[in-house]
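Take the sequences, apply the hints, and build the full model.
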Amino acid sequence: MNAKILETENVTVSFDGFKAINQLNFSMDVGELRVVIGPNGAGKTTFLDVITGKVQPTQGRVLFKGRNIKRLAEHKIARLGIGRKFQTPRIYLNLTPRENLEVACNRNKNVFATLFQRPSSDERRKVVSLLETVGLVAKADIRADLLSHGEKQRLEIGMLVAQSPDLLLVDEPVAGLTDEETYNIGELLLALAQSHSILVIEHDMEFVRQIARKVTVLHEGSVLCEGTIEEVQNDPHVIEVYLGQQSA
Amino acid sequence: MTVDVAPRMVRVERRWQRSLLIEGAIVVAIALILIFLMPPLLAAVGQAFRINLLGKFLALGIVALGIDLIWGYTGILSLGHGIFFALGGYALAMHLKLQIPPDASIQLPEFMSLYGVTELPLFWKPFYSLGFSLAAVILIPTLLGALLGYLVFRNRIRGVYFSILTQAATIVFFNFFNGQQRLFNGTNGLTDYKTLLGADVNAPQTQFAFYTLTVVLLAASYALCRWLTSGRFGRLLIAIRDDESRVRFSGYNPTGFKVLVFAISAGLAGIAGAMFTLQTGIISPKAMDIAFSIEMVIWVAVGGRATLVGAVLGTLLVNFGKSLLSEKFPDSWLFFQGLLFLTVVTVLPDGLIGWMRSQGLNQFQSLLGRRKQVITYPSLEEDPEVQRERENLGN
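Protein chains in written order, with the working numbering: chain G, 1 to 248; chain F, 1001 to 1395.
Honestly, the hints are just simulated from the structure, not real lab data.
Every value quoted in this text rests on a predicted model; they were computed, and no experiment measured them.
Cβ atoms here follow ideal geometry from the backbone N, Cα and C, with glycine treated the same way.
Calculated pairs, EDC-like style, for lysine to aspartate or glutamate (alpha carbon to alpha carbon, straight line, at most 20 Å):
1) K54(G) / D1243(F)
2) K76(G) / D1243(F)
3) K126(G) / E1013(F)
Residues of chain G clear of chain F, computed beta-carbon distances all greater than 12 Å:
4) K4
5) E9
6) V30
7) R61
8) G66
9) G176
10) E181
11) T182
12) R209
13) L224
14) I229
15) E231
16) N234
17) E240
18) V241
Distance windows between CB atoms, simulated:
19) T1187(F) / I142(G): 48 to 56 Å
20) Q194(G) / W1227(F): 36 to 44 Å
21) L1020(F) / S27(G): 49 to 57 Å
Pasting the structure below:
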């Protein structure tokens, strides 16, 4: 269990001299559910951009399962087993939830395999069971733009899982959701954490308390502190930069 | 749970196969009507010349299918399909221009001797062979499309930038063909065809054969596009249109998909150009005019993006409208075209077929006074969960 699924070594990302991420060292164990919090502009989303290949780090290395994934294209990183959920739900609105999941769970993603091979019965069974996991069986065959915001969020998480990734990156999954929907998403993530490593970025402290085991606080592009939710909440630096702001 | 899933999938599969069979039958029926019923019908009402017109427009329908594939489904707006259309036309026209009687004193297309060319240019020689020419009709546009597509899509050029690039390419090709009098007869283009496979190109039977071939090719192109857009591949095209970066993060490389679709759509344009050339008797750089490429997009917009039937229907409607209106009001077609485009953009953004699918049926029914009454909130009527609960309550 001591193998690291994700490590970054001295990663710096600078946009025209502004360092969105500054000498970031971060590591995560296999099977871990980690929550990253931090005030606005702390570099949380940029951090995910670096891992998934959307942004190239100016310096440093990103290791996934011990392999350097810097400079790989987004789709190659995704194929290695990193799934990413965006802040706003990014699903294919003109397809049905079933089709959305089918697109995501395709085993062989090159052009001609997609064109000539029919989905295997394994894949279709997987789609059906995923529809159940995310609670969209009844709405499996209507267009996805008719889904509510919370359903879209769950569908996108389902699409991540359909890729069978080893690491799920989840960016603010409960923004704009009701308390009940938030709780459901939390339960869904906890269930998924049994078989995946998950990295969640979140603002909502209530939600963080529901799911967090270990929390990392980012501030101005670097790790400010790391620990359980109680440790983090009692850390004077954290209170100063983040929680302090909230209570003020 | 897995037990009761399998039979349902089989049932869905069967229903799908049956609807596919019905659709195929309809397409074949329409093709047969076009081939066997339309000519005598038009002749009976004294409009026999319109059959040639119909043939041309059906040929244009093939390129409209290609545009629908790349624009309607994949969301890439190409304003340069005239290039591929013209290349297909030129490839076949070159073969036709080489049908020189063996006893003729100069074994060259007549325009070449006019410009003082004494020997056939090297790249014309393969076009003596009909097989090569037919392959070239499809392959030259396809390969050019693949090359252009690869260079552009690999660098993630999208949206307006791609459209502008295709326009620029159109101008480049237009100027090249327009300027090469000695190679392609410049602005006059290749015209005055005599024979093909020994048959007189302008004889009514030959023209009817071209017409029939056009119908068959249109049906085949429709089948190809239908196959491409129906399965997982088609869904991925829509996915690329809706959210390309999501597709990347799902582990697909969109470049390959876009290149393939662009190449296929270019190949279809080439076929269309060849059939159009056969039936108009001329291919000139005018086919690479930017306005013509934009017109193609208008046909698809009128019929309905991402509906294959709409692409063909839009082509026929707009072009017949054009020919009828320009007979009556020779100078004002462009105004009508502008009006048509504005109407489509403002009133029918999904085109005719798209409108029919979404609300047309309902509006038609309410005109007949048979409107389905909505007694609750529409969102509840639409919600499958509510409907399922209702059914279960009934039990």
